[in-house]
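A.B. asks: Going down the list, the sequences are from chains A and B.
The first sequence begins at 1 in the UniProt record's numbering and counts up one residue at a time.
The second sequence begins at 1 in the UniProt record's numbering and counts up one residue at a time.
None of these hints come from the bench; they were simulated from the model.
Just to be clear, a hint being listed does not mean it is correct.
[Said to hold, decoys possible] Sample of chain B residues facing chain A (criterion: CB under 10 Å; computed from the structure): (1) Arg43; (2) Arg45; (3) Leu46; (4) Arg58; (5) Asp109; (6) Ala110; (7) Gln120; (8) Val125; (9) Gly158; (10) Gly195; (11) Leu197; (12) Arg199; (13) Val205.
[Unchecked claim] A few chain B residues that don't get close to chain A, going by computed Cβ distances all over 10 Å: (14) Val15; (15) Pro44; (16) Val65; (17) Ala111; (18) Leu114; (19) Gly115; (20) Met116; (21) Leu177.
Beta carbons: idealized from backbone N, C-alpha and C, even for Gly.
Take a look at the letters that make up each chain.
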Amino acid sequence: MIAIEDLSKRWPGADRAAVEGVSLTVPEGTSCALIGPSGSGKTTVLRMVNRLVEPSSGAIRIGGEDALRMDAVTLRRRIGYVIQEVGLFPHWSVADNVATVPRLLRWDAARVTRRVEEVLALVGLDPARFATRRPHQLSGGERQRIGVARALAGDPPVLLMDEPFGAVDPVQRGKLQEEVLRLLRQLRKTVLLVTHDVAEAVRLGDAVALLRDGRLVQHAPAAEVLARPADGFAAEFLGADRVLLRLSLFPLEAVPARPEPAPGPPLPEGATLRDALAALLDTGRSAAPLPGGGSLALADLLAFAGTPNPPAG
Amino acid sequence: MEWLSAHPGLFLEAVGDHLLLSLTGLAIGVALALPLGILVAHRPRLAEAAIILAGVLRTVPSLAVLAALLPLLGVGFTPSVIALALLALPPVLVNTVIGIQGADRAALDAARGLGMTGWQRAFRVELPLAAPLIFAGLRVAAVQVVSAAALATFIGGGGLGDLVTQGLALLDTGRMLVGAIAIALLALGTEALLGMLERHLAARVRGA
Ligand SMILES: Nc1ncnc2c1ncn2[C@@H]1O[C@H](COP(=O)(O)OP(=O)(O)OP(=O)(O)O)[C@@H](O)[C@H]1O
Ligand SMILES: [Mg+2]
Numbered sequence: 001m002i003a004i005e006d007l008s009k010r011w012p013g014a015d016r017a018a019v020e021g022v023s024l025t026v027p028e029g030t031s032c033a034l035i036g037p038s039g040s041g042k043t044t045v046l047r048m049v050n051r052l053v054e055p056s057s058g059a060i061r062i063g064g065e066d067a068l069r070m071d072a073v074t075l076r077r078r079i080g081y082v083i084q085e086v087g088l089f090p091h092w093s094v095a096d097n098v099a100t101v102p103r104l105l106r107w108d109a110a111r112v113t114r115r116v117e118e119v120l121a122l123v124g125l126d127p128a129r130f131a132t133r134r135p136h137q138l139s140g141g142e143r144q145r146i147g148v149a150r151a152l153a154g155d156p157p158v159l160l161m162d163e164p165f166g167a168v169d170p171v172q173r174g175k176l177q178e179e180v181l182r183l184l185r186q187l188r189k190t191v192l193l194v195t196h197d198v199a200e201a202v203r204l205g206d207a208v209a210l211l212r213d214g215r216l217v218q219h220a221p222a223a224e225v226l227a228r229p230a231d232g233f234a235a236e237f238l239g240a241d242r243v244l245l246r247l248s249l250f251p252l253e254a255v256p257a258r259p260e261p262a263p264g265p266p267l268p269e270g271a272t273l274r275d276a277l278a279a280l281l282d283t284g285r286s287a288a289p290l291p292g293g294g295s296l297a298l299a300d301l302l303a304f305a306g307t308p309n310p311p312a313g
Numbered sequence: 001m002e003w004l005s006a007h008p009g010l011f012l013e014a015v016g017d018h019l020l021l022s023l024t025g026l027a028i029g030v031a032l033a034l035p036l037g038i039l040v041a042h043r044p045r046l047a048e049a050a051i052i053l054a055g056v057l058r059t060v061p062s063l064a065v066l067a068a069l070l071p072l073l074g075v076g077f078t079p080s081v082i083a084l085a086l087l088a089l090p091p092v093l094v095n096t097v098i099g100i101q102g103a104d105r106a107a108l109d110a111a112r113g114l115g116m117t118g119w120q121r122a123f124r125v126e127l128p129l130a131a132p133l134i135f136a137g138l139r140v141a142a143v144q145v146v147s148a149a150a151l152a153t154f155i156g157g158g159g160l161g162d163l164v165t166q167g168l169a170l171l172d173t174g175r176m177l178v179g180a181i182a183i184a185l186l187a188l189g190t191e192a193l194l195g196m197l198e199r200h201l202a203a204r205v206r207g208a
């Protein structure tokens, strides 16, 4: 668990605080996405958690321990950290990069080797092909995967990610998001993630925390934030397509199925409500068959999209 | 060449003296410049001051350094070595500072974020990343020192320069030429050898 209480940071010489009175809890095994415009203090909040930035005031507890009273180096070895620019060590092989934290923790060589292979496989890279390569021999997407693997290698309970997929094209980005999502679900890490992409935030974050000028505007589950932005700024920042984004968070089962059949090909297994809406708009029909029988009606879908507080999905 | 076949012992002795003079001077220069560079690299004001100082030191001609040291330290091996060390200092110092300042910021940030201590960061990341530039400074310094060691003869430091001055004094062209050519070859050889090592090192660190 990450618990931040009344956290503030005032940079020397700045006329206003970069972060002011932010309180935020990320429950064990869940993820929280920090979003907000450029300069709103996202990175500063993140870097205070592993003490790369010392807070001016406030408290941070990690797994119940007071992070501000711990030795900063010890603290950081227990927290996985992925930075936007990836920051692989160019003079080391992929395996050495991934082994950084295990070696700092003085694991024995055999255990380090095993862990490196395990973590590389976890991020979808074949250890046999990649372990001995150097960072300059990797594509941008592969580099970001290694960055994630390096952060996971010491098996930290807490993970901090600052724009982890910033440097890749949209297609790669989508793929990486999907894989990291699978990984986070599988490993049950507690994750604080920074992004300024709303779609990425609601996809990867169980909860979303919106910052503006260093203050917390809203902190709630992703679907809730999309359904009910706290104010005009939040609504504008989340964008006019937030309704669509919200639909993409729900499976077909979130809308009660109708028993009667509908014409046309059935919606694919695992589709979201947004996919269903797209299919309905595409075919011009008022209902689409569900993969498991029955049908999904456009009217029901619209009703769902219009209710800020849908039945639990 | 006749002179060479007639006095191989003298020649080898001069080469030996020359190398000893150069290596000692270079070693002392590097031993001063490297820690100094590491020390000031993270302090912008001091780093700037160090680079300016190095620039000043660099523009003083080698002969002037020798001459300036003469009244202070007298003649012989020691003042020659000190003069050569002063010559070796600027390029190594400047390149150490620039190399450390130019080390990949993101890699250093990651090193800190992953829990390396200051020392671990310096020795595992910062210095290896700065190594190609530091080595380039070393190459420049070595070539300068090997050439300038020829001037040590003026303050009785010995080396190949002796052959040139003796040749001039005795009107012995052979002796003079052997000395001059040997100095030139030594400088060229240093440049070639260290240049090769430098490319090798850069490829290892940055990947090429
Ligand atoms: N080291 C620093 N020294 C002084 N001011 C800083 C420092 N780092 C950040 N700031 C200031 O703090 C404020 C918040 O910066 P921060 O990097 O946290 O924003 P951000 O939300 O991460 O922005 P972005 O989306 O552009 O990355 C900015 O006004 C920035 O100029
Ligand atoms: Mg940022």
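A.B. asks: All the hints need checking, so say for each whether the structure fits it.
C.D. replies: For each hint, the structure was consulted:
1. Arg43: For arginine 43 of chain B, the interface hint is violated, since the closest Cβ of chain A sits about 17 Å away, which is over 10 Å.
2. Arg45: violated, 17 Å
3. Leu46: This hint is violated: leucine 46 of chain B lies away from chain A, its Cβ roughly 20 Å from the closest one there, beyond 10 Å.
4. Arg58: Violated. Min distance 29 Å.
5. Asp109: Holds. Min distance 6 Å.
6. Ala110: At 3 Å from the nearest chain A Cβ, alanine 110 of chain B passes the 10 Å test, so the hint holds.
7. Gln120: holds, 7 Å
8. Val125: Status holds, d = 6 Å.
9. Gly158: With a minimum Cβ separation of about 41 Å from chain A (threshold 10 Å), the hint on glycine 158 of chain B is violated.
10. Gly195: violated, 20 Å
11. Leu197: violated, 16 Å
12. Arg199: violated, 15 Å
13. Val205: At 5 Å from the nearest chain A Cβ, valine 205 of chain B passes the 10 Å test, so the hint holds.
14. Val15: For valine 15 of chain B, whose nearest Cβ neighbour in chain A is about 37 Å away, the distance exceeds 10 Å, so it holds.
15. Pro44: At roughly 15 Å from the nearest Cβ of chain A, proline 44 of chain B sits farther out than 10 Å, so the non-interface label holds.
16. Val65: Per Cβ check, valine 65 of chain B is outside 10 Å of chain A; nearest 36 Å; holds.
17. Ala111: Violated, since 7 Å does not exceed 10 Å.
18. Leu114: Non-interface label fails for leucine 114 of chain B: nearest chain A Cβ at 5 Å, not farther than 10 Å.
19. Gly115: Check fails; 4 Å does not lie beyond 10 Å.
20. Met116: Violated, because the least Cβ-Cβ distance between methionine 116 of chain B and chain A comes to about 7 Å, which does not exceed 10 Å.
21. Leu177: holds, 46 Å
Checked against the numbered hints given earlier, the structure breaks hints 1, 2, 3, 4, 9, 10, 11, 12, 17, 18, 19, 20 and satisfies all the rest.
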